[in-house]
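Participant: Model the full assembly from the supplied sequences, consistent with the hints where possible.
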Amino acid sequence: MEPFLTRHIGPTESDRESMLSALGVGSLDALTDAAVPRAIQVEGGLDLAPAVSEAQVQADLTRMAALNNPLRSMIGQGYHGTITPPVIRRNLLENPAWYTAYTPYQPEISQGRLEMLLTFQTLVADLTGLPTSGASLLDEGTAVAEAVGVARRSQRKGSVVLVDAGILDQSLAVMRTRALALDIEVVVTDDLVAGLQRHDCFAVVVQTPAADGSVRDLDELRTIAAKAHENNALVIAAADLLALTLLPAPAEWGADIAVGSTQRLGVPLFYGGPHAGYIAVGSGMERQMPGRLVGLSKDRNGTPALRLALQTREQHIRREKATSNICTAQVLLAVTAAAYAVYHGPEGLRAIAGEVARKARRLAAAIVAGGGELVSDRFFDTITVKVQDAPLVVREARAKGVHLWALEEDLVSISVGEDVTEDELAAVASLFSAHLGEAEHGSLGQPERETPYLTHPVFHSYRSETQMMRYLRALSDRDFALDRGMIPLGSCTMKLNPAASMEPISYPGFANLHPFVPLEDARGYTEMIGRLEAQLCEITGYDRVSLQPNSGAQGEFAGLMAVRSYHRARGEEHRTVCLIPASAHGTNAASAAMAGMDVVVVKTAPDGTVDFDDLEAKIAKHAEKLSVIMITYPSTHGVYEARVAELCGKVHEAGGQVYIDGANMNALVGLAQPGRFGGDVSHLNLHKTFSIPHGGGGPGVGPVAVREHLAPYLPSHPVVRDAGPVSSYGPISAAPWGSAGVLPITYGYIAMMGPDLKLATQVAVLSANYLAKRLAERFPILYTGDAGWVAHECIVDLRPLTKETGITVDDVAKRLIDYGFHAPTMSFPVAGTLMVEPTESEPLVELDRFVDAMHAIADEAARVKAGEWPSHDNPLVNAPHTLAEVAADEWTHPYPRSAGGFPAGQDLGGISTGGRDKYWPPVARIDGAWGDRNLVCSCPPMEAYAD
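Residue numbers (numbering that gives the first Met the number 0): 0 to 946.
Mixed in with the good hints, there may be bad ones.
Straight-line C-alpha distance at most 16 Å; calculated EDC-like pairs for lysine to aspartate or glutamate [said to hold, decoys possible]:
| no. | residue 1 | residue 2 |
| --- | --- | --- |
| 1 | K399 | D422 |
| 2 | K602 | E615 |
| 3 | K864 | E803 |
| 4 | K385 | D422 |
| 5 | K226 | E184 |
| 6 | K602 | D613 |
| 7 | K649 | D610 |
| 8 | K649 | D612 |
| 9 | K624 | E652 |
| 10 | K156 | D189 |
| 11 | K385 | E408 |
The calculated label-pair distances, taken between Cβ atoms and stated as ranges, are [claimed, not checked]:
| no. | residue 1 | residue 2 | range |
| --- | --- | --- | --- |
| 12 | D216 | A568 | 41 to 47 Å |
| 13 | T454 | N933 | 19 to 25 Å |
| 14 | T188 | P456 | 41 to 47 Å |
| 15 | G787 | Q55 | 48 to 54 Å |
Don't read these hints as lab results, they were simulated from the structure. We treat Cβ as the ideally placed atom computed from N, Cα and C, and that holds for glycine.
Facilitator: Below you can see the structure in the form of C-alpha cells.
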C-alpha cells in the first residue's frame, strides 16, 4: 500500500526535482537553509511516532471510539440527543463539496452555502421573533457572552449584567471570563425583578427553559422585560430553539436579543462540539452584532444573489475597535441545522418537539405516581427530581444504559431528547420504582405558540429523501470547493483534508458522546486528546497545550488571558500594553482589546518586516506597562523575519511576554519551534495547518500552546474539572475540550505523516517559491526577504497593473473564476495585492495551470490598455461569466463568447479547466453595496428583488 505521505503531498518526487531546478536550488534542505534563519532551525527531526498507514490509523481510531461509552444521553445541560437524517449526514456532513469549501468571501462561487446560511438565519429569526439573525456563532456559552457585549455597546450605561440563576453553568463561566477582562460585574439571582430594583444594570440574561428544565410563567417573563426596559436595560434570552416551536417567541415577551445553540437540530453531540451557536437581535442593533451576516443583493445582470453583509470582516478593518474578534463561524454545523429544518419543515419540528414534551410528561407522571417529587411542574423536555442521593441515582441509571445528571446532591435532572426510546424511558422510571404508562404530568407553563414560523417555501418543498438529496446536490454544485480545484488563499492554508481521518468523526463512539459523561465513559477521547496534546507540544516546542479554543481567535484570546493572569499573579496588574505590528491579523488587535489590553501598533519596515527602530522606541516608551507583543511567524507578509529571536529577546528584557500567532504554522512544522526560539504562547489553527476542513467558514479549532510558566493559566471548565488547571481564569468556550468531535482528523493526520510532517512543510515552501518565481515573470512579488525567498505564501502586487490598465484586484480575482480557480486572498495585508498560498497538497500541474491563468489575465489586461477592448466592457471587468450569459441568444460584448466563458480553452480534459469539466458560477459579479443599502437578511419572497 502506498504510504499516506505520497497521497497527501501533491508534487511527485520528480516534480519536486523539476521545481527545485527551476529555482536553482539543489535540494529541499538547501531551500530550507536559504529561506529559514539558521538560528531558529531545529536540530534533528520531530520526535513523533513513525508514520502509520490509512488502514492502521482507522483501526486505531476505531479502537479509541469503542473505548467511549455513549449509552443514551439524558443529561441535557445544553447538549441534547438528536437524530441526524442519513440524507443530511451522507450528502452534507460527509460530503467534501460542503466540508472543503472556504469562507464565502467570494460570493459568486459560494451561492449554495450562502443560501443555506440565509435559511439558517431565517430559521433563527422566525423562531425567536427577532428581525435579524447572524450566520452562526461558536457555541451557546460564547453566544451569551457576545450578547452581553452587544448590550454593553448598545446601552453604554452601568457595568452590571444581571443573570438568571437558572443559566447553564458553562454559559455563566464563559460570560465571567469575558466580564473579567472588561470589568463587567456579573450578578446572579433567582429573582430578576428584585435584582433590577437593586442594581443599575445594562442587561438581563434569562435562560429559557432553565438549567433544571423549569419554564417561567409568560406573565413573569413579561414583567422582567418591562422592568428591564423601564431601567434602560436590554433583555437577553438564552433560548432552546426546539422548545420555541411550542413556546411563544422571546420577542413576544420582550426580549431584545436571543442566543443559544442549534445543536439539537440534527447535529451530533460530538463530545461538546463543533456546534453552531446563534444570535438574533432587534431592530437597530444589526451593526453591533458579532460574526457574519448573509444578505440579499443582485448581480450586474439584476439576478438575485447573496453575499456577506455589513460588518462581515470588520474585525480585520476596525482592529481593536471591532465589535468582536470572531473570524470563524460554525458554517458546516449551521448548514446542517438549517438542512434539518428544511427536511422536517415547521410541522415536522413541531411534531418532534411535541413528542419530546409528551415523553417528558409521561416520565414525570410515572415518577410522581411512584411518590417522586419534581422541582417544577412546568417544563418542556427536562424534569428535575428531588432525591436522597443524586450521584447514586446517576450511577444506577448508568448501569441501565442511561446517563442522567446530578444537578445537586439531592437533585437529579433528566432530559428527554429526540433519540430516547420507550425502553429507555421505562428504565429511568424504574429507578424511582415507577412504571411508565400513557398518563402525563406537568405542562409547558406557557400558552402554546400561535404565531407562525418557517413560512418560506424552502421549509415546505423537500420532504422526500429524493427531493432533499437533489436539493443538497444542487446547492453544492453552485459552490467552488477544494474538491473542484485549488483555493490558493494566503494565511488560510486550504490543504487536503484526508478522508481516512475524516471518516472516524462519524463513528458512534465519537459522534454520540455527551461532553459531561463521567471520564471513565470517555476513555477513548481522553486517550486521543492526551496523545494529540503531546504531539502538538513536540511540534511547537511548548510545554502544555489546551484544546478548548474552538476558533483561531478564541485561541488568541485564551493566550492573552494567560499572559494577563500571569502578570497579575506576579503583582504586575499594570502591564496592559500589547504591541502589535501594523501588518498583523485584525483579530490580534480585537482579541487584545477583549482581554482588556491597550493596543500599541508597531510600524512595518519597507521590506515588510517589523520596523526595529519603532519597536525599540515603543518598548522604551511602554516598558513599565508592557504586557505582550503579538507577532505572526512567518510574518503576514510571507517571509521568515531573520531577527525574530532578537525581537523576542528585547520584549523579554522589558518584562513582556511574546505571543506568536500560529496562523502560518504550515511553514514551520518540522523546521522551527516557536516555543524554542522565543515564544511564550501561540495558538494553532487545526483547520489550517493540521488538516481539519474549513467547512465553508467553520468548524475551527484553535488550541493554545504555552511554556510552563503560563500553564497554570490555560482555560478550565466549571463542569469537567480535569479539562484545565484550578488556577485558571476560567473557560473561553462552552465545552471542556471545545470542538472535540473533529479532533480525530488532526490526530489521524499527524499519525499518518509522523516525522514526515517536515517534508510537507518543505514542499509547501517549495511550491510557494516556485509560484513566486513564475509569477514574477509578469507581476512584482512583494517582500521576498534578504535572500529573495518567501515562506509558504507570496504577495503578488497588482498595483502597477491597475495603474497601467485600470484593471483592479477585484477584476483579476473574479476573472480567475472563469479560469477555474478560487481567488487568492485579496488586499491583505497590502491593498491592491493578492496573497497566494499553494500548500503542499497541490500537484505541479495545478500550480502551472494557475500561473498560466495569471499570465493570460496579464495578457488580457494588456489588450485593454491597448484599446482592443473598452475599459468598461471587457472579459475582466465583466467577470465572472455565467453559463446563462454565455449561452444566451444575444451577445453584445466586443469580445467573443469563448473568451468570456472558456478562457482556458474548450478541451475535454482537466478538472475545472474547460469543456465538460468547467465550473460555471451561478451568478455574475455581485453588487454588495446595493445589498447593504437594501438590507434583507432572511428568506423573502422573490418579488422582493424587483426594482
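Participant: Each hint should be assessed against the structure and marked as holding or not.
Facilitator: Cross-check of the supplied hints:
For the hint linking K399 to D422, the alpha-carbon distance of about 10 Å falls within 16 Å, and the restraint holds. Restraint check for K602 and E615: satisfied, since their Cα atoms lie roughly 11 Å apart, inside the 16 Å limit. Only pairs whose Cα atoms come within 16 Å are accepted, and K864 paired with E803 is accepted, the gap being roughly 7 Å. Taken as a hint, the K385 and D422 pair is broken in the structure, with Cα atoms around 23 Å apart against an allowance of 16 Å.
The straight-line distance between the Cα atoms of K226 and E184 is roughly 20 Å, outside the 16 Å bound, and the hint therefore fails. Of the supplied pair hints, the one linking K602 and D613 holds, its CA atoms being roughly 6 Å apart against a limit of 16 Å. Restraint check for K649 and D610: the C-alpha separation of about 13 Å stays at or below 16 Å, so the hint holds. Using a Cα cut-off of 16 Å, the hinted pair K649 and D612 holds, with the two alpha carbons roughly 12 Å apart.
For the proposed pair K624 and E652, the alpha carbon gap of about 13 Å is at most 16 Å, so the pair holds. Between the alpha carbons of K156 and D189 the distance comes to roughly 23 Å, so the proposed pair goes past 16 Å and is violated. This hinted pair checks out: K385 and E408 have alpha carbons roughly 9 Å apart, not beyond 16 Å. Taking the beta carbon of each, D216 and A568 are about 46 Å apart, inside 41 to 47 Å as hinted.
A C-beta distance of roughly 21 Å is found between T454 and N933, which places it inside the suggested range of 19 to 25 Å. Under the hint 41 to 47 Å, the C-beta atoms of T188 and P456, about 45 Å apart, fit the expected range. Between G787 and Q55 the beta carbon distance is about 42 Å. The supplied range of 48 to 54 Å is therefore violated.
Checked against the numbered hints given earlier, this structure breaks hints 4, 5, 10 and 15; the rest are met.
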